[in-house]
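*Asks:* Spelled out, the chains give:
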Amino acid sequence: MKKVIAFLVALMLVMSLSASLAEPSGKVMLYSSMQEAQLQAIEQAFEAKYPTVDMEYYYAGGGKLVTKMTTEAKDGGQIASDVVWLGDPSDYESFKANGWLEPYVSPETEHIAKEYMDPEGYYTAGRLVTMGIAWNVGLVDEADAPKTWNDLLDPKWFNQIIMTDPSQASTTKYWMAAMMQSEKYGEAYFQALKDNGVELESGTTATHNRVADASYMVGICLDYVSANLMAQGSPMNFHYTTDDVITMTSPIALIKGCANEDNGKLLMDFILSKEGQEVLVANNLVSVRDDVEMQVDTSAIASVNMAVDYNDLGANLQSYLDKFNHIFDK
Amino acid sequence: MKRYDGASAELAAVDGRKRLNMDKVMTAVCFVLLLIIVVIPIVMIIYNAFFNEGRLELGTFVDQIKEEKNLSAMWNTLKIAIGATILGTIMGVFYAWLLGRSDIPAKGLMRALFNIPYMFPPFLGAMAWDMMFNGRSGYINKFLRTLFGLKTMPININSVWGIIFVEVSYYFPFVFMQVVSALERMDPTLEESARIAGAKQRQVIWKITLPLVKPAISAGALLILTTSLAHFGVPAILGYARGIYTLPTRIYAVIYNSGGSFDGIRQGAALSVMLVVVVSLALILQNRILSAGSYDIIKGKSMRPTLIKLRGAKVPLLILAILTLVLIVIVPLVMIVLISFLKAYGLPLSFENFTLDQYRTVFASNGTIDSIKNSLFASITAGVVCMFLGTLVAYVVQKIRPKGKGALEVISMLPYAIPGTVLSIGVILAWSGRIFGINLYNTIWIILVAYLARYLSFSMKTSSAALLQVHSSLEEAARVCGASHTESLADITLPLIRPAMVSGFFLIFLPAMREVTTSILLYGPYTRTLGVQIYSLRDAGMIPQAAALATVAIGIIIVLNTIVTKLTKDRKGV
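So the protein lines, in turn, are chains A and B. Number 280 in our numbering belongs to position 280 of the first sequence; there are no gaps in the numbering. Number 155 in our numbering belongs to position 155 of the second sequence; there are no gaps in the numbering.
Looking at chain A on its own, in the form it has when it is part of the complex (with noise of 0.2 Å):
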């Protein structure tokens, strides 16, 4: 009897050793707005690490995934992915309030400061993405190219300026609902920047692209997406502004009831680890941790950053965004 016992013991010891010891396996799927170049390498350095689990990612622009899990969800539909990725935090409050999320709180954002997190663990931010001006280096001289944004209301840039449709992009619709929110720039500015010619496009890689081709002198747009084209050497260049600086923190977050929900944590612990945020700034992105070496300094940005108020933008992004269009006759 007594060996019996020890056997059963032995047995359930190894069983459970060998199950603490198994290797995680399966599937994982990534909904995410950033460029499919980056989701490639974060593809690989994740199944480098884990190659028993198969990653899967989803790229398209947020306007467009935000349609896609509202469908998924409706009528008590599941969403098709275990973690999700996009440019703007306050899509997450409402996915959030939709209860498309489960909370999860990473033991990798001790690194991250804690206004980069949802109080209540729904979210963390996944990497910083920052708004600025970019130029065709061709057509303008570093010292002439806008350094506010006030500056692009300067005539000299008449049918010279492109920016992303905010309704596409959730990048662009946070930056617009946080400039109309200021009481130094709001619906005034985007008026003016309409009467100066500024013209939409519909994605806002497609945006950089029309500055890199040389359709538009100028181009409202982001730090990493232009980072990234200057890499593969388009004639294009990035700053900055100078004061009013609006940085997303581009939040990343688990799906509720997603099919695979421990391959989705094990995702986000990689990706907010120091090894997965390296994987980013290698590839132009900038990292939220305070441990990861970068060349853009995160602190000096910080220095200049225009205040934001969530509550506000969560209660009045629509009718922000229907302003802009009212504007922008869409």
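By construction, these hints were calculated from the structure, which means they are not laboratory data. Backbone N, C-alpha and C fix where the C-beta goes; we use that ideal spot for every residue, glycine too. Some hints here could point you the wrong way.
Derived Cβ-Cβ restraints for the label pairs, each shown as a range [claimed, not checked]:
| id | chain 1 | residue 1 | chain 2 | residue 2 | range |
| --- | --- | --- | --- | --- | --- |
| 1 | B | TYR118 | A | LYS156 | 44 to 50 Å |
| 2 | B | VAL39 | A | ASN325 | 35 to 41 Å |
| 3 | A | ALA6 | B | LYS373 | 51 to 57 Å |
Starting from the known structure of chain A, fit chain B onto it as the hints suggest.
*Replies:* Frame of chain A, contents of chain B only:
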């Protein structure tokens, strides 16, 4: 025609009830399948455009008609389609005459080359022309501007005329191919007698040749008109970003912006009804202008017509034909391939900016590999299923001739006249959980169902034509010798029409492989087709990557076409 009826009645008498049952089963299968594939989607569009939750509600429809953007889209659709039809017809007839009836050299080669645009998806051409002559940044535009020191870009392809130009260059072969074969079958003695009677060359062309090939011109022009009215790719690539909408791109925008919500789809259904009305009006108009008469003087056998001597005009016309070929075939291809090697869009096209990186990214992307697999799966399956179903319908209509065969024929041909965009909306309405809870939305099956509806008429037409040539006496002979109906079908009729069935398959497989109009409204996260993937990459601003995938797609198309040509040649030999 009476003979067939008599024959089938006699046959029915041969094996009495059994034969009747077999025929009934085939007829019933036809009706049920056509009901599912074709009728339900179409009924769903009409119902949803006018009814909401069971009540008649014209609000959505009226709102859509009154909306200024939709009206201008309708106007643009008409302008583009009529422009493309007129110019495409002129161009098609001119080159058909030049290559069919004049003594211009290298005819065979040029005829093959003039058919090339027919192979390629027009939206790839639109991409290439946009790269060259985009009104703000086209490469050739920039070059011309610096060369002549202009202030503005010399050519703006992102206009209604630009769209017409690109459509013409891909659609004129519709007329060209029809007219060339009509000219070949024409009795040359008619022209000769006119000449003997003292008519001048120009008079012969205007009074004899053209009227004789008018039915062929008319058929080709009709094809250009309906294709252009329903076409998504070219206006989407050249007009969309500049606010030039057509009805198909407008439907896409409405559905896209509403995020797949039911309201959006209803608006799309209302716009679809508008598009169908426009297509019908165009058909009636076209019928009035070019009413197709039948001319028995075009003989089935080919006679060698006297070639018209071009004399002094020979060299200039040869140069014109070669330039046309270079402009519409070679230039866009070269441009797409060049851009696919570019490190980043906007860089000058010089050797130090070239790289293979775009191809690496394309092949490392799950989306791309999936899209190639999806397109292969959907188009091969659609081809095979339509091949059998189309033959079945053709057999029922031609040989069994049940009551309501006219309805059967009309139903199976209906999707041919209905734009792909409209069909997509119908398929979404029918198969996203509203009927028996069947939800195919976001799966590859919904694309397949749409392809079946869209391409069924292709295989039905080819099988029909082949069955007409198989006289009932052949089957009867087999039956008299004791073969069962199934045996006579399997051993006599099917082998005889097999070449037609195979060509019906390729007639579906090839266009489905490069299709974008239908699938752009139906794709889900894992079900992008090749066309959709290229379009999305370009739309997302990754132009060199889109060009790389386009080059891969062109490679696939060329390989498939070569295989098809080989196969069909072998078959002719047998």
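*Asks:* Does each hint hold? Answer for all of them.
*Replies:* The hints, checked one at a time:
1. B/TYR118 - A/LYS156: 44 to 50 Å: holds, 49 Å
2. B/VAL39 - A/ASN325: 35 to 41 Å: Distance hint for B/VAL39, A/ASN325 holds at roughly 39 Å.
3. A/ALA6 - B/LYS373: 51 to 57 Å: holds, 54 Å
Checked against the numbered hints above, the structure breaks none of them.
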